[in-house]
Amino acid sequence: MDLRVLGWRYENIRGGLRDVSISLDSSPGRWTLIQMPNGTGKTTTMSLLRAVFSGEALTPQEVYDLRAADITETGLFELRMSVNNKPFRIQLRLDFKNRTHQYWTARSEVRSGGLEEGISLPKELKRLLSRDFTRLFVFDGELAKEIRTVGKDRAANAIRILYRLDHLDMLNIKVGRLVEEQQQRSAAISTATERRGVARGKRQYETVVTRRTALETEQKELQKRRKEMEGRKTTVAALISGRIDQDEALRKRKEQLERERQNIDLSLLEAGHQGMSSLRVPAKIHPGIQQRLVALGGKLTHLKLPKTISVEFFKELAEQQDCVCGRPVTELIKRAILERAENYLAEDQILVINQMKAALRESSADPEEFTRVATQLASILRQLRLNTTAHDQLELERVEAGDTELEHLRQENQQLERDLDTTAQKIEKLTTRDPARQRALSASSENNIPLCDIEVKRCQEKLATATNTLRFVLQSECVKTLVSKISALAQLRLTERVRIATNEKLAQIVPSESLRVSRIGGALELESRQLSSKTGVSEGQSLAVAYAFLTSLLTEAPYKLPFIVDSPAVSLDTAVRRDVGDLIPELFDQMIMFVISSEREGFADAFYQREGVRYITLWRDGEDVTQAREGLEYFRSFHQREGTE
Amino acid sequence: MSFVLHQSGRTFFRGIIAPPKFLMFDAYYCCLMAGLYARTIGSLQDLEPDVFVNGYPDDFKRQSDIIAGLLVDAELDRKGIQPEDRASIEREMVKLVDPTSPTRLNGEGNKLLNLYAAAGFALIQDKMMPPTTIEDFLIAYHRYWHDPTNSSGA
Amino acid sequence: MASPLYPELENAITEILSSANDQTREFRQRLRKLIENATLGNFTDDDVREVIELAVVDEELED
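Protein chains in written order, with this note's numbering: chain S, 1 to 645; chain P, 646 to 799; chain R, 800 to 862.
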């Protein structure tokens, strides 16, 4: 969809805009610079443009504030545009006396050429031109800040809307509604018995859902309590340690024990590791195993098993004319041979048994290894016990010395351990998915969340069946899921594309500042290292980011929109102005820039060399009426007159 | 090749199952070794309804031939097949062996393995408390094998 | 609006639908078209219903 502004006109609008007409019709008109000194209605014009694009409602006060003078009764703002080359005219008619307003549209398609009430744009365009969205291309400087404000999802929403992903949300909503309708339809035609069944199904479902919520709350509570207790346990341990430290001699012993403990833990780890390695080799577990393996290998060898002759040999033999021994192979003999063959192993079976034999013969192991490790482990565990006892002893000595506080802490610790145990059991019962554990703990859908989830699903499906909608519900869920996934994936990639494009432009506009977008979540997030914590982002930087983002967003979108901006460069320093002036206009098929005279330098003058630029200058004459004049020379040499703001 | 636990196995070993240090399969394997050595099989009713793992875990792949050999050895003994009875021995092996299986055993061999493991579990359970740490289990398991009063000890 | 879908959406549709291999080809083609139409507002309730009814689901209820 291609939208272009062809011009606009004012009647009796404040800022001296009594009767001014701006015409951008004649080709090509890609860039238009409109020089409007402050006070000539720049801000008003931007507001009016936004209003007619989006059809926004104005308050009575807003209407009244647009009047040119107190005595004027009516006013008008008319925008001419083309949508896919079809002309449209939108009028905003203002009644200052009654403080009302109305929109009218003239469409070229309507043969009478007359005006229709309201805004009559193509459906797709109307849907796109919401109030918020309009601020993107009739650029509102405030927006520059808002797209970086986390919490206002302007950036993400802009992407979503522009690229029509919100349509996919609506598709899913539509799917949901179809399901509801289906369910209602089924409910309507069912018999009394069936309806009772549905009612009952609903009740059951709601009961189970309520229970699930309650179980989840319980789980959160328990987890919270566990965390608190664990925290307290750590604190208590530290306090106990602190109390021991009060006695110098005890403190020294404690530290010694802690060092020892570290070594013990390391040895335990190593020995455990060795133990598992030994365990996993059968021959290492016990000498008896190794003996049996060897014995079997010997047996097979002794018996000359497997036989080297395979069943294939016999089958082939049966097919021969003559036997190996020279006698002819008759039908009778053939049958006898094949019968015999069944007692023999097939070749691949022979292979396997040979492999087994080889493994048996090769298996060897140090018969004492496992015993050594077990003995070592036992010894380490003994040390661990002694260490723990000794550590405990420190506490007891303090208690005996009269440290009642320590005694209390020890008691508290024991109680905490008991409570933690109980809580762990409760949590396990509530959350375990292991069927064996569920059985052991008598878990059911009444007290176990995974089982309850199964029950919820069952009730849901039963309800759906009762309402004859099970299949449709499942199918709808399937469609919704796919659509959601597609939408999410597309958004992810789009966001990344826009982000990269934004950074590329930033690199060109403000190369020295290395201002970069790190992420586009709901808002545009800048890499934090560039932002000085004291000053944040300067207005110039903010604008640069906004331009880079918006141009990246708008130029590759499925819609072609004009970019209309008020004082695009006033906050930028001259070097940046030049870059902005060089770079950004290339990106749009139509750009309208309102500039003030001081912006000419660095920004507007970048345009003087270009072809196809239109220059319009507005000023207020002696009678306080705004005049317009077209042309580069006038534009360049215009000086604001003394006395005008 | 589907390995199935004794129905009380999970609960008994739950304190120490901590992959990859100690797998559920390690527990199964320990029971299996005990059962094979004792030449005792359990019954299908002892088993859990579902498979807990298909195929040998990586650490055990090397032992597939050995374990198949131990199974053959146990079966020969359990059935009282004489060491000189060549034909029966060969028949027994054919009954259990599947060349195409990564475990070298066919369905029948598979089933028997699970039954030996179930019996082994009962033997172990009889001789120790549910272990609380891996180290404790290693010591207790070693003790089981070397306990002179234990009928399956050497 | 004769323009095809922009690449990110086009590719997202392709990726997600190709991994939904329990679904029929017809369903996937129709859903793709529906999504394309949806972005242009070019669809009716019946379109949506028809596509929904093409989805393959497993209706078995455990009891």
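One or more of the hints may lead you astray.
Stated by the list, open to error - When the alpha-carbon atoms are kept at most 30 Å apart in a straight line, the in silico BS3-like pairs for lysine-lysine are as follows:
#, chain 1, residue 1, chain 2, residue 2
1, P, K666, P, K756
2, S, K315, P, K706
3, S, K307, P, K666
4, R, K832, S, K123
5, S, K357, P, K756
6, P, K666, S, K233
7, S, K462, P, K666
8, S, K299, P, K740
9, S, K357, P, K772
10, S, K480, P, K724
11, R, K832, S, K485
12, P, K756, S, K227
13, R, K832, S, K560
14, P, K706, S, K299
15, S, K307, R, K832
Calculated from the structure, these hints are not laboratory results.
| message | Check whether the Cα positions of K832 of chain R and K123 of chain S lie no farther apart than 30 Å. | response | holds, 20 Å
query: Taking 30 Å as the top limit, are the C-alpha atoms of K832 of chain R and K560 of chain S close enough?
result: OK: K832 of chain R and K560 of chain S at ~24 Å, within 30 Å.
Under the criterion that the straight-line Cα-Cα distance not exceed 30 Å, is the pair K666 of chain P, K233 of chain S satisfied?
Cα-Cα ~28 Å, so holds.
Does K666 of chain P lie within 30 Å of K307 of chain S when you go C-alpha to C-alpha? violated, 42 Å
Is the straight-line distance between the alpha-carbon of K357 of chain S and that of K756 of chain P 30 Å or less? With Cα atoms ~22 Å apart, K357 of chain S and K756 of chain P stay inside 30 Å; holds.
Restraint status (C-alpha distance of K357 of chain S to K772 of chain P at most 30 Å): violated, 34 Å
Next on the checklist: Between the alpha carbons of K299 of chain S and K740 of chain P, is the straight-line distance 30 Å or under?
Outcome noted: Since the Cα atoms of K299 of chain S and K740 of chain P sit roughly 18 Å apart, the hinted pair holds (cutoff 30 Å).
query = Between K315 of chain S and K706 of chain P, does the CA-CA distance stay at or below 30 Å?
reply = violated, 34 Å
Practice prompt. Would you check the hint for K307 of chain S and K832 of chain R, treating anything up to 30 Å between C-alpha atoms as holding?
Written response: Measuring from Cα to Cα gives roughly 67 Å; hence the hint is violated.
Quickly compare the C-alpha distance for K480 of chain S and K724 of chain P to 30 Å and report which way the hint goes.
violated, 61 Å
Within a Cα-Cα threshold of 30 Å, do K756 of chain P and K227 of chain S meet the stated pairing?
Measuring from Cα to Cα gives roughly 45 Å; hence the hint is violated.
Holds or violated: K706 of chain P and K299 of chain S, Cα atoms, limit 30 Å. holds, 25 Å
The structure fails to meet hints 2, 3, 7, 9, 10, 12 and 15 from the earlier list, while all remaining hints are met.
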